[in-house]
Structures are given as structure tokens and as C-alpha cells.
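Engineer: Taking the hints as your guide, dock the two standalone chains into a single complex.
Line by line, the protein sequences give chains H and P. Under the numbering used here, the first residue of the first sequence is numbered 1, with each subsequent residue one higher. Under the numbering used here, the first residue of the second sequence is numbered 1001, with each subsequent residue one higher.
Hints in this document: simulated from the structure, not taken from any laboratory. The beta carbon of each residue, even a glycine, is placed where N, CA and C say it ideally should be. Check each hint, because a few of them may be wrong.
[To be verified] A short list of chain P residues far from chain H (calculated; beta carbon distances all over 10 Å):
#: 1; residue: R1009
#: 2; residue: V1147
#: 3; residue: S1203
[What the hints assert, rightly or not] Below 25 Å or equal to it, Euclidean Cα-Cα: the simulated SDA-like pairs (lysine to any residue) are:
#: 4; chain 1: H; residue 1: K31; chain 2: P; residue 2: E1077
#: 5; chain 1: H; residue 1: K46; chain 2: P; residue 2: A1101
#: 6; chain 1: H; residue 1: K71; chain 2: P; residue 2: R1083
#: 7; chain 1: H; residue 1: K31; chain 2: P; residue 2: M1075
#: 8; chain 1: H; residue 1: K31; chain 2: P; residue 2: S1067
#: 9; chain 1: H; residue 1: K66; chain 2: H; residue 2: A97
So the chains spell out like this:
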Amino acid sequence: MSGRLRQIAHLDRVIHEPARLMIAATLYLVKEADFLYLQNQTDLTKGNLSSHLAKLEEAGYVEIEKTYRGKIPMTVCSLTKKGRASFRAYESAMRGALFESVNGAFEASR
Amino acid sequence: MPDPMAEARIRAQSSWYRDGLSDILIGIIVLLQNGFTLIMHFGNRQSSWYWPVILAYLLLFFVFSASAPRVMAAMRERITYPRVGYSQPGDAQRRLSRAVAILTIFGFILAICYGRWDTDHWIQGLPVVVGLLFCVVGMYVAVRYGVLRYLLIGLFSIILGLAVDIEHSRWLGLEIWLVFVGCAFLCAGGVTVWNFVRTAPVSMDAK
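Chain P with its partners taken away, still in its complex shape (with noise of 0.2 Å):
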């Protein structure tokens, strides 16, 4: 017999992805991280530049992620709010989110720690290693939320992960991951932001 609060539970999580607009953040971040990486490549490391150009990235990179939020959360009430009203989600979705962050982080320093620092072999690897990330996090939100399109943009992203590390392309593998894999998430963001304001009408009282 299905649990009604966990049918009601899934519904509720599931309308937090119903609009796309996370799915586009994601994407930006993703192709903010090809910017700094083609920089990486590129970039002369003997040249007077090179760290100034890199420092002012990163600030860019931190200053937006920071206040992504922020611009999601405008986005949101303008677009998402008018439509099928506004929620905040509770504590657990928030600890369960903040502990994903946190043992992610915890995963890379772990491994930056005791794994064998060769810039080679990371960059090689990264694909794999963050396409897994991906697939698992698309796998738990498609099984739990009954959200199909992040685990197929988590397989994906494995596939491609898999593909540019047996090529052993390197920096080049890592640019056309990321730039593919942002990419995927843009216009996942993009089908599913226009079916939203398509099959979604504004409220009346919002108008």
C-alpha cells in the first residue's frame, strides 16, 4: 500500500525542480569552471599576468557563486512563485543538501591529501571522478524526486567522463567535459524553464 506522506513528501520535494532555473545555475557554474580551466591551459605561467588574471577569476567565480542565491531566489519570484506559489523547503532538505556539499569537499581534500599529487593524472581523472559525483546525485534525485532528466544528464556526463579519460586528451579532455556537461545542463534548464511558463499559467491573484 503507498504511503500517502511519502507520496506527499515526494510531491512537494519534486515541485522544487519543476522549474529548470536550478538546472541553468548549475550549467553557469559549470562553464564559469571551462573559463578558468581554458586560462590553466593557455595561460603562460611565466608570464606578469598569468596569477593576476587567475586571482581575479576566481574572485569572479566566488563573487557569483556566492550570490547565486540571491539571483535564483529573484528569478524564482518572478517566474516560479507567480505560478505555482512559493515554498521554502525544510530543515532536513537543507541538512541533507549542506551534508552532500561537506562530504564532497571533504572526498577531494581526502584525496588531494593522500592521493599522489600529479596535475596530470588529476586533470585526467577530474571527468570520471566528477561524472560519478553526478550520476550518483542524478540517480538519488530521479529515484527519490521522480526527476528523470538529472540522471540522464548524470550518465551523461559519466559516459563522456569515461570517454575523455580513455582518449587521454588531458586539459583539452577536461574543457570539452565541462563545456559539454554545462551545455547539457543549459538546455535541460532552458526545455524545462519554457515548458514550465508553457504548461503553467500565472495565477490570477499574482497578476
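Looking at chain H on its own, in the form it has when it is part of the complex (with noise of 0.2 Å):
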């Protein structure tokens, strides 16, 4: 087994989650982003959706500001320096283990 399919075991389990996956994925493109975006780009319940975003918050990825657009709440969140390293490796690791194990296929079928 090469070294980069290996990587998958060290891979970020914070981020690997499907449904944290998404929501990292969504702020990473964006510089912040309300609930609701979330929601629509997610299709996640807001159960689901409020859950996930504190476990990112708690392991640092996220930051979450709770602000008023008039007399609405309205939750703000957004990708800190340390989520957005993350994603970043986690991403390349992901590709470069997947490049890896679908040339390896390719090399076991010829």
C-alpha cells in the first residue's frame, strides 16, 4: 500500500463526517455565511445542522456570532485559520488517496 492511500487513516475525523463535510466545504468557499444559507446549500434539518456546527466549533474550525439584522436573530459562521488549514488537508489528502487507489485499479486490471 503506498504512502498516500495510508494517509487515509490519519485523516481528519472532525471534518470526515459527511454532513461537517458539507458545512466546512460550504464556508470554505465563502468568507461567512448565515444559518440559513447553510441550510439551503446543506439540506440539513436545523437539528442536524446546529449540532454539527458546534462540534466544529468546539474543535476550533468554526466560529459562530449571534447578531441581530434588526429585530431578527440571525447566526453568522465562518471558517477560522485553523478550519480552513484543515479543509485544505484534508482535501488534498482525500484526492491524493484517491488518484493513488484509482491507478492502482487501473494498473491491477491491465
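Structural biologist: Following this line, the structure appears as C-alpha cells:
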């Protein structure tokens, strides 16, 4: 087994969970976004989104700010520097491992 | 195999064009520009009010352009965010928009400095040059974000620009071009806003 494929064992498990991966990927593409935007982009329920955001916040990957737009409460979320770095590392590790495994399968089939 | 990150990026970025408010803003700016062109065309340069009117109009134009982002933010707060949520574009997107704006201004300055300065020649060629610019930007937005209406407006503006250039109608050609392109942006924006409001209901939490 190659080194790149072995990296899968060391993947960040906070980001690896599919729902959290969707949230991190969505936040990675914007500077900041509110709860409703994240809900629309990820199709998660309110409860699910809240609990996953709390886990990401606990890990120091997401910053959550409670504010108001007029009289309506608004939850603005953004990825921290640590969160961005972790997401980038996760993405490159996954890409590397998948590339390797696809190449391996191709070589084996020849 | 499609890249999920690229797809997510396109989905996030296309959502910024979904409400059509930016089209309306561009349409208003183009029509205001036409007001300026009308004053320059029909105003008597020997008259004592000519330059004060030009300066007042320019001031109004720049005040509107400078306050446009705040007006847009207020409109989005009422129309867009309660429906699809709030998001702020990333730094890469902002840098790209700034680079395009700076390159355009720089291009115009270079053209003025090194080109032959002939007012008629410039007025004649402006619809084609700006039409081409709109077409390129429209193509980019259509290919990258999947927003087709900018490409249609871009194609319309280059075709109209070529038509008025061939007609050699100078000021009148520029005015026709500005009115039609401004109205095209306003119509596209109006239809998009109407569709957006109709198809995306206000979230229960935002009520």
C-alpha cells in the first residue's frame, strides 16, 4: 500500500463526517454565511446543522457569531484559520489517496 | 468524473446572481450614463450653465455609484437574505472583481493616452468596445457560474454596438446603445427578481 493511500488512516475525523464535510466545504468557499444559507446549501435539518456546527466550533474550526438583522436573530458562521488549514489538508489527502487508488485499480486491471 | 468542490463553488457563486438585483443596478448605471451623454450631445457648450450641469450630473453619478453597494446590501437584506440566507463572497472572488475593474480602467487610460484622441472617433467606437467587454464578461459568468442571461445581454450589446457603429450615427448611436442595453439589464433583472421572489419563499425564521 502506498504512502498517499495510507494517509486515509490519519484523516481529520471532525471534518471527515459527511454532514460536517458539507458545512466545511460550503464555508470554505465564502467569507461568512448565516444559518439559513448553510441550511439551503447542505439540505440538513436545523437540529442536525446546529449539532454539527457546535462540534466544528468545539474543534476550533468554525467561529459562530450571534447577531441581529433588524429584530430577527441571525447566526453568522465562518471558518477559522485553523479550520481552513484543516479543510485544505483534508482535501489534498483525500485527492491524493483517491488518485492513488484509482491508478492502482487501473494498473491491476491491465 | 466531476469535481465536487468545483461544483460546490459554482453553486455558491451562482447563488449571488440568483436574485437579479445586480442586473438592475447595472441597468440604472447604464441609463444614468445615458443622461450624461444626452447633456453632452444636446447641451450648448457656449452656455454658462453647461459646465455646472455637467459637474452636478457627474457628482450625482459618482454619489450614486459610491452608495450603490450600501443600497444593494439594504435591498438584499429585505429580498434575498430572508429567502436563501446571507453569505459574503470569499476574498478570491473580490480580488478577481477588483482586478477586472482595474484592468478595464487601465485599458481605457492606455487607449486614451496612446490612441488618436478624436471625440467623434471615440463616441463612434465606444458601443463596440463596451459591447465586446460585456460579451466577454457575460461569457465568463455563463461558463463559470452557469448564469446564461449575462451572455445573452453581452451578445445583444455587441450586436447592437456593431449595428450602431456601421450606421455611423455617433452620439445618437451611443444613446440608442445605452438606452437599449440599460433596458435589457433592467428587464433581465426585473424578470429574475420576480421569478426569485415567486419561487423562493421567505424562511419561517426570517418572518
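Engineer: Against the structure shown, which of the earlier numbered hints fail to hold, in ascending order?
Structural biologist: 1, 3, 5 and 9
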